[in-house]
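I would like the entire structure built from these sequences, with the hints used as guidance.
Protein chains in written order, with our numbering: chain A, 1 to 517; chain B, 1001 to 1258.
Among the hints, a few may not be true.
[Unchecked claim] Okay, the calculated beta carbon distance ranges per label pair:
(1) 1121/B <-> 57/A: 55 to 63 Å
(2) 57/A <-> 1016/B: 53 to 61 Å
(3) 115/A <-> 1252/B: 52 to 60 Å
(4) 72/A <-> 1016/B: 52 to 60 Å
(5) 1011/B <-> 115/A: 24 to 32 Å
(6) 72/A <-> 1011/B: 47 to 55 Å
[Unchecked claim] Some residues of chain A that are not near chain B, with every Cβ distance over 12 Å (derived):
(7) 134
(8) 273
(9) 278
(10) 290
(11) 372
(12) 382
(13) 422
(14) 468
(15) 469
(16) 497
[What the hints assert, rightly or not] Just some of the chain A residues that point at chain B, by a computed CB distance under 7 Å:
(17) 119
(18) 123
(19) 124
(20) 130
(21) 131
(22) 145
FYI, nobody ran anything at the bench for these hints, they're computed from the structure. Just so you know, even glycine gets a beta-carbon here, dropped at the ideal spot from N, CA and C.
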Amino acid sequence: MSEQVRAAFALLPAYLAGHVALSAAALVLGLLVGLPLALASARIPAVRLPALGFASLVQTIPSLALLALFYPLLLALSAAARAMSGHGFAALGFLPSLLALSLYALLPILRNGVAGLTGLDPAVVEAARAVGMTPRQRLIQVEAPLAAPVVMAGVRTAAVWVIGAATLSTAVGWTSLGDYIFSGLQTENWVLVLFGCGASAALALITDGLLALVETGLARRSRLRLALGGAGLLAGTVLALAPLAAGAGGPKPYVIGAKNFSEQYILADLMSDRLKATGARVVQRSDLGSVIAFRALAANDLDAYVDYSGTLWTNVLHHADTPPRPELLRRLTAELKARYGVTLLGPLGFENAYVLAMKRDRANALHIVSLSDLAPRAPALKLGSDLEFLSRPEWRALVGTYGLSFRAQTRYQPTFMYRALEGGEADVISAFSSDGRIAADHLVALSDPMGAAPSYDAVILLSPHSSADARLRGALLPLVNRVPVQAMRAANLTVDRDADKLTPQQAAQALAKAIGR
Amino acid sequence: MIAWRGVSKSFDGGATQAVDEVTLEAADGGFLAIVGESGSGKSTLVKMLNRLVEPDRGEVLVGGEAVGQGPPHALRRRIGYVFQAIGLFPHLSVAENIGVTPRLLGWPAERIERRVGRLLDLVRLPQAYAQRRPDALSGGQRQRVGIARALAAEPRIVLLDEAFGALDPVTREALASDYRALHDELALTTVMITHDVLEAVLLADRMAVMQTGRVLAQGSARELMGGDAPPYVRELMASPRRQAERVAERLGLGVLNV
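Here's what the structure looks like:
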């Protein structure tokens, strides 16, 4: 317990720095756009309705979707910029998060800004004109100070929203306090989840408190409160950003990606540790969706990550056939290089296939050992899958080959999928063959006698720019064909099990020891 | 000299005229009261002087020059304006409120301070009030600050738009007679709007009666009571006297001999 909290604290400076950098930038951008827009909306009724309508509309988009939508948009813009000027920009991480969160900050700033400016006592506004103020003097000397408390209340709301929503930026590859929550959720490490929530809530409360000081300072025209609030915000931001500044100026860090499950975290840490051992700086982008991870690598936003041959074959290259394992690997290597410039460095040595799994005693009772046995029983059974399996071509291939049709299909976070099987909400789940829980939970993986699913060798991919990077290749090549499936399962289980959990980083160190690297 | 020459103003695209072809003058040093019911157009007419309202047609002269020449804020800094809602700046102290126009004109701080002190005396407020906020004052005290603010930049012209209308009778009478004394002492030109005929008779030298955007009659109170005036004007002018007679009768003071 205390070991986990200590591990969580060790990550805090980096996570907090990312979180504060993003939140502060989003809030400042929201203010830079929101305040002039509020002024224009208050002055010109023709602007007010569309502006408020747009901001309200943005608010109805789920925040995670808003973040995710900016990625392909920026990717296309980056490609266009590269085509025109020769310089692209990183479409993953900071930019999509910044834009989405700024849009989120817009509504409270805009709404309160308009309310503050249009709600002024008309007698005071008339007096300001009559004593001979120009429109600009009227704004600065009368309207702005009188509207300031209402505007600041909106800024406080925006700040709390932005800090809360910034945890979601983890999903588009920006390090934030959300890294605790996402990885904690994946590995059932509730201590980590609570730590992330607590840290984010504390940050929101402290920021809100300091902004409240500024607000009352403005309302009561108390210089002391204004100065205290402003200085607190500034000092807090600078302090939180210190780790970023300390890291800046050195050589460009390597960026290692990870998708959103335990094995990916462990392998990303394994690769990162080997790179760091050479003296390199490394940052990780965790919790990426399957397709986002590959796109990011192809766009050089990532330098390396681990993917699976079958996934790349069907989801990235869109092949419908399932060639034998050696041939698939050979053709995959050639086609990824030719079409995307991505280098397949080599397989790690184990497979992590999508398999359908059942509880052993249940499968025995129903006499099911293969997918062919499952098909006639399926209409009476419930399927639990992870979030993406049912949308993948592999699933369509299984359905097409075996004619599977379940009574019900439900999507879960992988962690909860195993819980659903255990609790009887699901009879069959889409498990991963390298998952330690298959053995630990007494599950049986059903065989695929007709070979409907391709093989899923874990392979190391390098981005086009990093394909010839000697340090990167040197650090990662020794892992090729060195990770047997038993070692990977054991490592996964140490992270996923209920008692005596390890963090992915600890599991990576243990794995490195186990495979002698 | 202040003059309106054939001015008109409509707020509904010409369907009705708030001010309809008005021609009127106020002499330098004069005290003109414009009397009329709500909606008669008197406020609109007066706001043309400091360009809070721009006329659709006609010409407005202040000090012999058309007001549309320069920027409006320069004009407004030369004209004091006091209105019923007062409109003190709630975030500024009494001293800052009074000193606002001199500050806009770029007076040195020390001259502003002296001027504020002098104005507090003129409107008969204690010097200690300078650092108070407007919300710590009574209604009458606030309007005294309003008058001080209007006089701060030493304007030659002051506009009073129902300036005493929201005050209780005692305060109102005191403040009105104080203002009249200031008008004489500072040799101001004052244009006052009121719907209270008695107030107009007591304070002003000349009166203009407005109805539905038109000036029905103008002249001294005595002239307006004469036989040449239209029936509405005579009726209006007779009301203070009728009231006074009824008051005398009810209090048993006998018949008033006016």
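Hints, verified against the model:
1. 1121/B <-> 57/A: 55 to 63 Å: The hint (55 to 63 Å, Cβ to Cβ) holds, given that residue 1121/B and residue 57/A are roughly 59 Å apart.
2. 57/A <-> 1016/B: 53 to 61 Å: At 41 Å between Cβs, range violated.
3. 115/A <-> 1252/B: 52 to 60 Å: holds, 58 Å
4. 72/A <-> 1016/B: 52 to 60 Å: holds, 58 Å
5. 1011/B <-> 115/A: 24 to 32 Å: Since the Cβ atoms of residue 1011/B and residue 115/A sit about 26 Å apart, the hinted range of 24 to 32 Å holds.
6. 72/A <-> 1011/B: 47 to 55 Å: holds, 53 Å
7. 134: violated, 5 Å
8. 273: For residue 273/A, whose nearest Cβ neighbour in chain B is about 59 Å away, the distance exceeds 12 Å, so it holds.
9. 278: Holds: least Cβ distance 61 Å, greater than 12 Å.
10. 290: Given that every Cβ of chain B is farther than 12 Å from that of residue 290/A, nearest at about 57 Å, it holds.
11. 372: Non-interface label on residue 372/A holds, nearest chain B Cβ at 81 Å vs cutoff 12 Å.
12. 382: Non-interface label on residue 382/A holds, nearest chain B Cβ at 65 Å vs cutoff 12 Å.
13. 422: Given that every Cβ of chain B is farther than 12 Å from that of residue 422/A, nearest at about 64 Å, it holds.
14. 468: holds, 65 Å
15. 469: Holds, because the least Cβ-Cβ distance between residue 469/A and chain B comes to about 61 Å, which exceeds 12 Å.
16. 497: holds, 62 Å
17. 119: violated, 13 Å
18. 123: holds, 3 Å
19. 124: At about 5 Å, which falls below the 7 Å cut-off, the nearest Cβ of chain B leaves the hint on residue 124/A intact, so it holds.
20. 130: holds, 4 Å
21. 131: Since chain B brings a Cβ to about 5 Å from residue 131/A, closer than 7 Å, the hint holds.
22. 145: holds, 5 Å
The structure fails to meet hints 2, 7, 17 from the earlier list, while all remaining hints are met.
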